[in-house]
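**Q** Letter by letter, the chains look like this.
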Amino acid sequence: MTASDADGSVDAARTVERPDGGTVESDEETEAVVETPLGPLVARLWPYRVPIGLFALVVFLRPVVAHPWFLGFEQIATTMLVWMLFVAAWNLLFGFTGLLSFGHAMFFGFGMYGVAIAMSRLDLPFLVGAVGGVVLAAVVGTLLGRLIVEKGEIYFAMLTLAVGQAVYFMVNRDPYGLTGGSNGLTGTTLPPWIETFRGEKTLTLLPEFANDFYYLVAAVFLLCMLALWQLLRSPFGQTLIAIRENEPLARAMGVDTTRYKIAAFTASSALAAVAGVLLELNDGAASLATFDVLTSGDAVLMAILGGVNYFFGPITGVFVWFGAEDYLTDFTLLQLPLAEYPLVTLDVSGILQFWRFGLGAIFVLVVLLSPKDGVYGLLRTGITRAYHRARGADE
Amino acid sequence: MSVGTSRLAATLTDASPASLAGGVAALALLSLAAVTQPGLFVDNAIGGLVYGMQLVMVALGLALILGLMGVVNFAHGALFMLGAYFSYQVVGAWGLPFWVALVVVPLAVGVVGVVMEMTVLRPLYGQQPVIGLLATFGLTLMAEEATRSVWGAAPLSFSVPPALATSTDLGVTQVGTFRLFAVAVSALAVLAVYLLITRSEFGLTVRAGVQDGEMTEFLGANLPIRFTAMFFLGAAIAGLGGVLRGAEFGMGLSMAQQFVILAFVVVVVGGVGSLFGSVIAGVLIAEAQFLTPTVLSSLAMVTGVEAIAVPGVRGIVPYVVMIVVLLVRPRGLFGEEGFLE
Numbered sequence: 001m002t003a004s005d006a007d008g009s010v011d012a013a014r015t016v017e018r019p020d021g022g023t024v025e026s027d028e029e030t031e032a033v034v035e036t037p038l039g040p041l042v043a044r045l046w047p048y049r050v051p052i053g054l055f056a057l058v059v060f061l062r063p064v065v066a067h068p069w070f071l072g073f074e075q076i077a078t079t080m081l082v083w084m085l086f087v088a089a090w091n092l093l094f095g096f097t098g099l100l101s102f103g104h105a106m107f108f109g110f111g112m113y114g115v116a117i118a119m120s121r122l123d124l125p126f127l128v129g130a131v132g133g134v135v136l137a138a139v140v141g142t143l144l145g146r147l148i149v150e151k152g153e154i155y156f157a158m159l160t161l162a163v164g165q166a167v168y169f170m171v172n173r174d175p176y177g178l179t180g181g182s183n184g185l186t187g188t189t190l191p192p193w194i195e196t197f198r199g200e201k202t203l204t205l206l207p208e209f210a211n212d213f214y215y216l217v218a219a220v221f222l223l224c225m226l227a228l229w230q231l232l233r234s235p236f237g238q239t240l241i242a243i244r245e246n247e248p249l250a251r252a253m254g255v256d257t258t259r260y261k262i263a264a265f266t267a268s269s270a271l272a273a274v275a276g277v278l279l280e281l282n283d284g285a286a287s288l289a290t291f292d293v294l295t296s297g298d299a300v301l302m303a304i305l306g307g308v309n310y311f312f313g314p315i316t317g318v319f320v321w322f323g324a325e326d327y328l329t330d331f332t333l334l335q336l337p338l339a340e341y342p343l344v345t346l347d348v349s350g351i352l353q354f355w356r357f358g359l360g361a362i363f364v365l366v367v368l369l370s371p372k373d374g375v376y377g378l379l380r381t382g383i384t385r386a387y388h389r390a391r392g393a394d395e
Numbered sequence: 001m002s003v004g005t006s007r008l009a010a011t012l013t014d015a016s017p018a019s020l021a022g023g024v025a026a027l028a029l030l031s032l033a034a035v036t037q038p039g040l041f042v043d044n045a046i047g048g049l050v051y052g053m054q055l056v057m058v059a060l061g062l063a064l065i066l067g068l069m070g071v072v073n074f075a076h077g078a079l080f081m082l083g084a085y086f087s088y089q090v091v092g093a094w095g096l097p098f099w100v101a102l103v104v105v106p107l108a109v110g111v112v113g114v115v116m117e118m119t120v121l122r123p124l125y126g127q128q129p130v131i132g133l134l135a136t137f138g139l140t141l142m143a144e145e146a147t148r149s150v151w152g153a154a155p156l157s158f159s160v161p162p163a164l165a166t167s168t169d170l171g172v173t174q175v176g177t178f179r180l181f182a183v184a185v186s187a188l189a190v191l192a193v194y195l196l197i198t199r200s201e202f203g204l205t206v207r208a209g210v211q212d213g214e215m216t217e218f219l220g221a222n223l224p225i226r227f228t229a230m231f232f233l234g235a236a237i238a239g240l241g242g243v244l245r246g247a248e249f250g251m252g253l254s255m256a257q258q259f260v261i262l263a264f265v266v267v268v269v270g271g272v273g274s275l276f277g278s279v280i281a282g283v284l285i286a287e288a289q290f291l292t293p294t295v296l297s298s299l300a301m302v303t304g305v306e307a308i309a310v311p312g313v314r315g316i317v318p319y320v321v322m323i324v325v326l327l328v329r330p331r332g333l334f335g336e337e338g339f340l341e
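So the protein lines, in turn, are chains A and B.
So the first sequence is residues 1 to 395, counted in my numbering.
So the second sequence is residues 1 to 341, counted in my numbering.
Hints are supplied without guarantee of correctness; some may be wrong.
FRET-style restraints, in silico, Cβ to Cβ [what the hints assert, rightly or not]:
#: 1; chain 1: B; residue 1: 126; chain 2: A; residue 2: 223; range: 35 to 45 Å
#: 2; chain 1: B; residue 1: 122; chain 2: A; residue 2: 227; range: 38 to 48 Å
#: 3; chain 1: A; residue 1: 186; chain 2: B; residue 2: 184; range: 47 to 57 Å
#: 4; chain 1: A; residue 1: 205; chain 2: B; residue 2: 23; range: 51 to 61 Å
#: 5; chain 1: B; residue 1: 324; chain 2: A; residue 2: 188; range: 35 to 45 Å
#: 6; chain 1: B; residue 1: 327; chain 2: A; residue 2: 259; range: 12 to 22 Å
#: 7; chain 1: A; residue 1: 390; chain 2: B; residue 2: 154; range: 50 to 60 Å
Over 12 Å on every C-beta distance to chain B, these chain A residues come out as not near it, computed from the model [said to hold, decoys possible]:
#: 8; residue: 63
#: 9; residue: 67
#: 10; residue: 70
#: 11; residue: 71
#: 12; residue: 75
#: 13; residue: 94
#: 14; residue: 127
#: 15; residue: 153
#: 16; residue: 162
#: 17; residue: 170
#: 18; residue: 178
#: 19; residue: 181
#: 20; residue: 224
#: 21; residue: 368
#: 22; residue: 383
Honestly, the hints are just simulated from the structure, not real lab data.
In this text the structure is predicted, and so the values were computed from the model without any measurement.
C-beta: ideal position from N, C-alpha, C; glycine also.
This is chain B alone, in the form it adopts within the complex:
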């Protein structure tokens, strides 16, 4: 990832002294928490990593489709939700092994995504992005109602395979094996998609098609099929995220909108148009979300002021991060200037 690291270096060198000071302060707070409550700290760090990778899987698809086709796919959260419900159907209702769901469900969600792209989104390419946002918002409503009619409104869950239901000893704390497994799977998937977009010829032609569609087609690339394939990829990775999320936490109807909003926060913080930024921002935001309560409680312990440990601060952290980042760097951490503005 030499491109990514050089970009990271560039971002660091033109960061303002204020943001550098903020970074140093954050590091100091984190090490304070790590020293005073090591078990809780590692627990939350891994929780943040699990959640962050799931967030990245939704955000990556969102960023792909936004960056390539200029369509804000609000229905991406619905694809994530479908991934969870499909895996419930495969594992919980049909009793097939979890490993089958892990392979089949992303493919099925990818097919749903392709149908969505061919029927609704294709006429929207090149139109105002707001129109796409509205149309896919309607699609989310439809997906939620359809899910409610099939699986009901009550939250569902299924059990993970026994091999993964154990816990692993990490010295300071015990961590569920499934969480480590989820991190590994999502990291592999994200890496694969990232390499496919940035390194393969397929990714190259698609990116060329975005720059100059006519010229790319003259050179022999079938762009509509490639765009559809890209959409399949984005939907499938969101579906895979849904499987992992569903296996760990169960599924409910609210996860569609909840995740798509957070995913958009991630894309905005990372910078629209930068996949690398989405990956970094996703992990960053989830870690901030999980570590803030720990940091605050350590601070409260050290200073003796109980009021610092605000309960439920986690929910508000992503939005605070986003507002701060947008005020300091309006185009996000790694965003291209002038994109969608």
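Only chain A is shown next, with the shape it has when bound in the complex:
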């Protein structure tokens, strides 16, 4: 068994050497899988490693972040899941189609404001608002895609950014009193089946089955991510990867690349809007900051940090980002080597307040050294190498 094939999305590109320095995936390696002691079971489960990984992520994420050694509180796990979905949706465009969108906050915001406007301004049921927001995102994604998808990568990036800014201004202007301007929408923005008790959200939807808000988010997250996984390993997804790798070649082979890119943009927008719906439920409010260019920028940073060519890359990136943010800003004193036996004690509260500087520096380094791999890619390469070394020692 080799970990070098842990990425479901590049399955069909097995014998292709990727020009960005990725691994050469060959059939011999997968055949070797069956010969290991754990072989039959692992080999049978191997095609389903992405769903299994996603399920494990959902199960273990909250206990891990809630552990006192790490962040120590549970709520952030829900936020992480929402962002993981959003960044993964963004990465469908950049990591798998090769389109850099700097305006994805727009679609995130459509989902969020769709629910909030429907519930607090129009007195419509939650589902109408949620579906409306997602449909609006998909429609805008399609139309915008038709307009700009063929403009060249830099033009595409800057045009998404500019359209995102235009939408930000419109929302800020509070058209017809719908969006609440810079105050956002608060108050009656939660459906009646969500109850808040001391900041803990509970569901009264199916009381005997699950009353934990986290599981609702986890269920939607799992559904969407599985849909994304299916999308990526389908012929459609493989075509997207072909477009990313070599667009002229894909076109020469008869692929209508424009249509595929528009479809990818639509799917990505809709998924981002779903994440926005979840964020609205999580925050209980819709805020203008969601539409800000900084939100799009954060998504870009998180995905690149995690590794854009891997299915689990954005997930890793969000985990590292939120982990770093809360873990680092928690410190006021750095005590080395251990809190119980401090030899060196530093007051770091003043420096760590500016943790984004360090993150920006790491980001620049990642982009300069290996822009497609990120933390997940580095980890995977390291683990593969260690595994091969260990197995070599065994034999």
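On the provided structure of chain A, position chain B as indicated by the hints.
**A** Only chain B this time, still in chain A's reference frame:
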């Protein structure tokens, strides 16, 4: 600028009847506004010119580096922001005269730009433009955090010298002298850079180096140094724009991203690869931004329909202009075909 005017003439002759009709309609609306509210009109026209020249100063650097090195320098807005904060440090904190800041700050920002170019951007020449965009995006984040750690997140400002703090009478309205001064300084700087690139031997070798780097080096031009000098120039002019902006409106952390986005809109509308286009588009967009509210309010006054005067329409104007221009002329007003596409 015979090259520029002939290009302008060429653009006008192959413009479609629809865009010509649009131009005539825009002129009619503008003259309507000028007749009904002359004071407000001149006020906004000068405001647009001031803002437009600042925009041009950022966009020119962006266009230089994009057109010459093929790197999308998202950090250019950060250089502009640094110009404003440096001038605050010189004038507001150290109490030196404004004139010192006007000379020293662009040089300092130019040095920051050179450091940026040598450490981060040099490995990116010849790579995919997206990689450059991402790396400089990270640089912007770093610059903003560094600025926040030094000067704090609150908006700052300093006062302009008393000689410029007065106002000048223009007949229909009073205009702050500093705004006229800012227009004059930025027009001079833009003209100097434009002439340097298009007329001097330095500009010629750099442009030759972009066409065929190997051959230009065979002919004895030290290209890396020239590229670095070009970067210094782009950064310094952005820094100068920052000084003027900071003196007039004060400075905040959001100006980096805000201006670089608008500057890119300007470059796209003007046409990537054309400095002349960037200058024209910068002034055009800023004037559109400032005059649209006036035009709409005059229209509302004449027709009696209050709903026409949408409040806050200014923020959305550049993006509307860009989308319209790109739909009519995908490569921008004066762009070269096939550049970065």
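**Q** Work down the list of hints and note, for each, if the structure agrees.
**A** Evaluated hints:
1. One distance hint, 35 to 45 Å for the beta-carbon pair residue 126 of chain B and residue 223 of chain A, holds here, with the actual separation near 43 Å.
2. Between residue 122 of chain B and residue 227 of chain A the Cβ separation comes to about 43 Å, which falls inside the hinted range of 38 to 48 Å.
3. At about 49 Å, the beta-carbon gap between residue 186 of chain A and residue 184 of chain B stays in the expected band of 47 to 57 Å.
4. In this structure, residue 205 of chain A and residue 23 of chain B meet the distance hint of 51 to 61 Å, their C-beta atoms being roughly 59 Å apart.
5. Between residue 324 of chain B and residue 188 of chain A the Cβ separation comes to about 40 Å, which falls inside the hinted range of 35 to 45 Å.
6. In this structure the supplied range 12 to 22 Å holds for residue 327 of chain B paired with residue 259 of chain A, their Cβ-Cβ distance being about 20 Å.
7. The supplied range of 50 to 60 Å is met by residue 390 of chain A and residue 154 of chain B, whose beta-carbon atoms lie about 55 Å from each other.
8. With a least CB separation of 32 Å from chain B, residue 63 of chain A remains clear of the 12 Å interface cut-off, as annotated.
9. The non-interface label for residue 67 of chain A is consistent with chain B: the shortest C-beta to C-beta separation is roughly 29 Å, beyond 12 Å.
10. Every CB of chain B is more than 12 Å from the CB of residue 70 of chain A (nearest about 24 Å), matching its label as outside the interface.
11. Chain B leaves residue 71 of chain A outside its interface by the beta-carbon criterion, the shortest separation being 22 Å against a cut-off of 12 Å.
12. Chain B leaves residue 75 of chain A outside its interface by the beta-carbon criterion, the shortest separation being 26 Å against a cut-off of 12 Å.
13. A Cβ of chain B approaches the Cβ of residue 94 of chain A within 12 Å, the least distance being about 9 Å, so the stated non-interface status is violated.
14. The non-interface label for residue 127 of chain A is consistent with chain B: the shortest C-beta to C-beta separation is roughly 32 Å, beyond 12 Å.
15. Annotated as non-interface, residue 153 of chain A brings its C-beta within 12 Å of a C-beta of chain B; the closest such distance is 5 Å.
16. Listed as outside the interface, residue 162 of chain A is inconsistent with that label: its C-beta sits roughly 5 Å from the nearest C-beta of chain B, within the 12 Å cut-off.
17. With a closest Cβ-Cβ approach of about 7 Å to chain B, residue 170 of chain A is found to fall inside the 12 Å limit, against its non-interface label.
18. With a least CB separation of 15 Å from chain B, residue 178 of chain A remains clear of the 12 Å interface cut-off, as annotated.
19. At roughly 10 Å from the closest C-beta of chain B, the C-beta of residue 181 of chain A falls inside 12 Å, breaking its exclusion from the interface.
20. Once the 12 Å rule is applied to beta carbons, residue 224 of chain A is consistent with being away from chain B; the minimum gap is 26 Å.
21. Against chain B, the non-interface label of residue 368 of chain A is violated: not every CB pair exceeds 12 Å, the least being about 6 Å.
22. Every Cβ of chain B is farther than 12 Å from the Cβ of residue 383 of chain A; the closest lies at roughly 26 Å, confirming the non-interface assignment.
Consistency with the previously given hints fails for numbers 13, 15, 16, 17, 19 and 21, ordered from lowest to highest.
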